[in-house]
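Hey, can you work out the whole structure from these sequences and the hints?
These protein sequence lines are chains B, H and E, in that order.
So in my numbering, spot 241 of the first sequence is number 241, and the numbers just go up one at a time.
Offset between the second sequence (1-based) and my numbering: plus 1000.
Offset between the third sequence (1-based) and my numbering: plus 2000.
To be clear, the hints were calculated from the coordinates, so they are not data collected in a lab.
Heads up, a few of these hints could be off.
Coverage of chain E stretches by chain H, computed from C-beta distances (three or more under 8 Å per stretch; other residues unrestricted) [to be verified]:
1. 2041-2047
2. 2055-2068
3. 2098-2112
Label-pair ranges, simulated between beta-carbon atoms [as the list claims (entries may be wrong)]:
4. E:2027 x H:1130: 50 to 58 Å
5. E:2031 x B:240: 28 to 36 Å
6. H:1130 x B:4: 40 to 48 Å
Please read all numbers here as calculations on a predicted model, not as lab measurements.
We treat Cβ as the ideally placed atom computed from N, Cα and C, and that holds for glycine.
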Amino acid sequence: MSVDRWPAPSTTVVTGAAGWLGQALLHRLVADPARQRIRVLVRDNTEADAVKPVLDAAEARSQVVVGDIANPRTVDQLFDGVGADCDVLHTAGVIHPQRIQHLFDVNTTGTEHMVTAAAKAGVRRFTHVSSNSPFGTNPHPDDVFRADEPYHPYMAYGRSKMQGELAVFAAVEGGLDASIVRPPWFYGPFQPPRQTTFFRMVRNGKFPVIAGGHQRRSMVYVDNLVDGLLLAELTPQARGKGYWIADAKPYLVTEIVDTVGRALRDEGFSVKDGALRLPALAARVAEVADGLIQGTGRYQQQLHVLGEMGHTIACDIALARVELGYDPTVDLYEGMRRSIRWCVENGLEL
Amino acid sequence: MSGLTASMPRLDAEVLIIGSGAGGATTAALLAEAGIDVLIVEEGPWVDQGSVTPFSLEQMDQQYRAGGVTVALGLPSIAYTEGRCAGGGTEVNSGLYFRPPVDVIERWSAQHRIRDLDPDALSVIAAEIEQALTVSTVPGRTTPASEILRDGAAALGWQHNEIPRWMAYPPGGDAVTGKRQSMTRTFLPRAFAAGARMIVDCRVDRLHMAGGTGRSAAVTFADGSTGVITFRDVIVCGGAIQSPALLQRSGIHGYIGRTLAVHPTVKLSARFRDEVNVPDDVPVHQVKEFAPDLSFGGSASHPGLVALALTDHWKAFSKSVVQWRQIAIYYAAITSEGRGWVRAIPGLRDPLVTYRLSHRDRQLLRSGLARLTLLMLEADAEEVYPSFRGAPIVRNRADIASMQQAFAVSKASVMTVHLCSSVPMGELPGRSGADSFGRVHGTSNVFVNDASLLPTAPGVNPQATVMAIAIRNARHFISSRSTTDTRSTTDTRNIKGHHER
Amino acid sequence: MRPVPSAPIVGPFADRLLALDLPHLDPARRRDTVEFVTRRVDSLPSVMHLGVLVIATVFRLVVATPLADRFVRLMSHLALPLLGEYVRLVRSLGYAYIWESWPDTQANGASTPEHIR
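Following this line, the structure appears as structure tokens:
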């Protein structure tokens, strides 16, 4: 398949550089000598320290801006002197916030600042990382989200990400060249410490499986996502479009639990058989409780995750395959083994 | 129409066929052509095609049961319509033709243990039907409302088709020039030519049973007078509501009326820049991207129906009613996991019909309405008016999110025109209403041969499937009868009937 | 069992509802429409017919009082179960008839003058 591609730009701007996706992306960018200047945005000095090792490898090619994306002055600083041969990879986002308002500050307002500044700078391509959450959940387990779907945001996170997308599309109308990637649930190296719970639950036979686990979930290995993100950046045809970027196919929830268990065993861990089998009602109750708590401006991660587990969230990557030439190479088993090894190497307790 | 017979207090037939729609008319034609003395009774009137405006209130008055106002109670209730005229639903439906879906037939055959239900054999029958009804696509232009479905789906990359119809078109003719090849133009004249008789405006109140054998039918004519029709065999083809209700009124209590299946639909109206409304025709395109779970199509959209659709949120929508020429109505239909009941209630003329949607059904209806709305925006709709109470006007994608937030199936105008499965055929002990060829379990000579037999709703417009199954069963009836015809009921009346040919 | 004719029970409410909803609808047209609505109610299937008559009787009693207009307005705004369905039925039938019979009727019931059709 031959798809038209641009060469790497002289300047690459990355937001959310210290995040899960951001770090995986940064490793890839630093390894590419064609990326002459890499300018990253991190939130604070702790994050700056986190990206230091990888940026040290890039030496003089890298520049770090520290500040809050919700602050327009920070964003102006980020775009200062970038020139037109510049691409923006906007990965910054909040998914599990302290307070609900934080979702909108970063995912919506931050994105608005970014597209405004990018348009002013006249960048070549702005690629925005969205989510499945603006589209909610599939109406039944066999349904798959097509390339283009109506918005049906799931909770406050979904609304904040939907408004982020709308800001990007509005900027496209205004002349900005932008594309969007929509990753579902992702996994892989650079995971934040909270994600080790996931492995622990599987190891202890306590991963919540709702109503028999017939739901399907699209997932994306973080390096597959980096592939898709860079393709959405470098493919001229992607202007004004959104793409699902996920592993080759959605997985059944039971398949996920089995595969992760197998990966853990093959990496030498002991795994208890079974899962925490819950009735559909449990997930419904959790979902309602999550909604009520979010209504008060607060957020409870376990409830949120449990509530969502009762649903199918499956997407079709056909458009990314055709228009971007995206071809995910890592599957769940291999991706999980790599994640487990990464956790071990980085001293995370599983 | 020759073949119509006057009412008389006492009548007799070798085979009495109750109902003259997709099931009854085909059965009548095949049996009559095999030399069987057939009498068809039809509750509604004979209305010639073309004598009333299609999809009008006048048509609903004349050719629909209860003027088209019939409801399956539930949360929400589901409005449905039934044809009640010579030719039944075939006179008034959209005319869209789908071959019996092979996967559905295979599933029915396996899950309901239906003997000799062969998809290939049904395809051969379907080919006969296609010829008999001149099933064809529109040679000229389809209507603007139809092209909106096509264009919107194309813009989204969603699979869509022009669905052929049983219409006869003049060469190069546009959609509206089609002449509907309904039962009054096809199988009923065929039945008459083979000697069948028919009485219209004649309602069957009940069958008199002796043990498991039907002896006669008690009927009421249009003038209120009553009569009795004796028969050797009776074939009930009143549709998925009336057939089980008649069996129940007759004291037949097998697995009947407990598994009504429908394709529930939600709808919306969409306003465009140009005039798109064609009052007396429906779109021929359907969007099958999400089939069989979810299908999109176009509805009748005469100004009365546009006004009706806008009443769901009249305060917000009413200003657009004067622009009805720019408005067309569309539906999202689902295959439903839910089931309904048809219960005859002693002392009442009509049965109680209920239907219950499942959780999945509700999710699908919501998602279907949203996806259909998106399609309308992609087809350049200026405004979309979803049909549920208090719905917002949708002008852009962000509005769809608000719409889905506000949506609840309980607020929606849910309706259906496809009713089936209330006397499911098969050999499942205690779970089939009729045997593999439509004989009602527990009876020797009472048959059903209409949409009631389909074990589930087929996921497509069902008329062709109903007809194909009816023809299959009618042939089985004829062949099994000729081999076992040792009963001596073939008396003089029938011989006379045959000689008239 | 002969059905009870609905005109005396349903008619006055349908008339008030249409008069309030569509204040500029010509009274002769309104009468026609009310007649159509009651005819359709008469032909409803048994269970619905009974249900509608029960609810309609309650409405009929209130419509006979000076509170009629306020009541009709209230009922058409509150979407109550069952009671709301009756309002919805009458309105649906009425509007379908009006716009099919006189397609250029405006949202307030006025007929559109010839020159702007």
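Run through the hints listed earlier and report the numbers of any the structure violates, in increasing order. 2, 5
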